[in-house]
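*Asks:* Below, each chain spelled out in residue letters.
Number of protein chains: 2
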Amino acid sequence: MALYQHILIAADFSNHTDMVIHRAKALAAANNNTRLSLCHIVEDFPLTDFAYEPMISVDADMRDALLNAGEKQLSLLGEKFGIDTDSQWIEFGSPGRDIVRIAEENNVDLIVVGSHGRKGIKMLLGSTANAILHHASCDVLAVRLQDES
Amino acid sequence: MALYQHILIAADFSNHTDMVIHRAKALAAANNNTRLSLCHIVEDFPLTDFAYEPMISVDADMRDALLNAGEKQLSLLGEKFGIDTDSQWIEFGSPGRDIVRIAEENNVDLIVVGSHGRKGIKMLLGSTANAILHHASCDVLAVRLQDES
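Chains A and B, in that order, are what the protein sequence lines are. According to my numbering, numbering within the first sequence proceeds without interruption in unit steps and concludes at 149. According to my numbering, numbering within the second sequence proceeds without interruption in unit steps and concludes at 1149.
It should be emphasised that the hints constitute simulated quantities derived from the structure, not laboratory data. Even glycine gets a Cβ: it sits at the ideal position worked out from N, Cα and C. The reader is advised that the hints may include incorrect statements.
As the list claims (entries may be wrong) - Some chain A residues close to chain B (C-beta under 8 Å, calculated; not the full set): (1) ALA2; (2) ALA30; (3) LEU76; (4) ALA131; (5) LEU133; (6) ALA136; (7) CYS138; (8) VAL140; (9) LEU141.
Stated by the list, open to error - Derived DEER-like restraints, expressed as beta-carbon distance ranges: (10) A/ALA30 <-> B/MET1019: 36 to 42 Å; (11) A/GLN73 <-> B/SER1137: 44 to 50 Å; (12) B/ASP1084 <-> A/LEU66: 48 to 54 Å.
Start from the sequences and build out the full structure, keeping to the hints where you can.
*Replies:* And the structure:
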């Protein structure tokens, strides 16, 4: 059985992102012609609960600011690890759902996602990693991140 | 970063076990000296709810029968895939908890477990795979099994 052809890294920009990428790169290096991609989803958190009129423009500005900041971070990671800009995705949305969708649209056969320690992993598995693991139609590697404490 | 040194396959003896093992073997083959191990936990289901006296002896007999049957299946898998008997574990217990414990006791750095399709994975993640993913202190690869339907 061949190893993976297209590995998608779900980057969360935490201190541990490098470790997750190193692991994905080691897997990619084990196979010829493996494509390595990076994605980050800026979580959509609708501002619905305020007393005055909806602040749509501020909300949109904030989204743009967050997306721009994320794009820069993703681009820095791409440069650092040699991942082309055409293999980088950043979107606004629901991390679990949209990472799975990006994977499906791009024939990804492995999603690599970080998972924190015993305490942390429960929190993480309750959101992004959990959603990916439940909904992905491809393999998922949960990289255990060693807490630095 | 080196690839994995000791990969533990959580075998459930379903039709998909071969696929999970093939994937684990491909990962092991990508690295020199990677040890590949197999484990299966026969789920403990205490018989506590019956009207007559506890049928301890039957229960113990049944456990032995299940363990023996499992041992044979594990041994056949080991032969088929070239995994030594000293890298095979079969136990009676809680699959999630005991697979994680076996992994910790044997310096496993990757557990490979099968996960079924969109419907099935939810069920599976509710039990074995979920427990492994939440509690493992090492990386976990969830291999997506394609349903044959």
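*Asks:* State for each hint whether it applies.
*Replies:* Structure-based check of all given hints:
1. Taking 8 Å as the C-beta cut-off, the interface hint given for A/ALA2 holds, the closest approach to chain B being about 7 Å.
2. Nearest Cβ of chain B to the Cβ of A/ALA30: about 3 Å, under the 8 Å cut. The hint holds.
3. Below 8 Å, beta-carbon pairs count as interface contacts, and A/LEU76 has none with chain B, the closest being about 20 Å; its hint is therefore violated.
4. Taking 8 Å as the C-beta cut-off, the interface hint given for A/ALA131 is violated, the closest approach to chain B being about 11 Å.
5. About 6 Å separates the beta-carbon of A/LEU133 from the nearest beta-carbon of chain B, less than 8 Å, and the hint is met.
6. Taking 8 Å as the C-beta cut-off, the interface hint given for A/ALA136 holds, the closest approach to chain B being about 7 Å.
7. Satisfaction of the interface hint for A/CYS138 is found here, the shortest Cβ-Cβ separation to chain B being roughly 6 Å, below the 8 Å cut-off.
8. Contact between A/VAL140 and chain B, as hinted, is supported at the beta carbon level, the nearest pair being about 5 Å apart and thus within 8 Å.
9. Proximity of A/LEU141 to chain B holds as hinted, the smallest CB-CB distance being about 5 Å (cut-off 8 Å).
10. The beta-carbon spacing between A/ALA30 and B/MET1019, approximately 19 Å, falls outside the hinted interval of 36 to 42 Å.
11. Checked against the hint of 44 to 50 Å, the C-beta distance between A/GLN73 and B/SER1137 comes to roughly 29 Å, which is inconsistent with it.
12. Checking the proposed 48 to 54 Å range against B/ASP1084 and A/LEU66 shows it holds: the Cβ atoms sit about 52 Å from each other.
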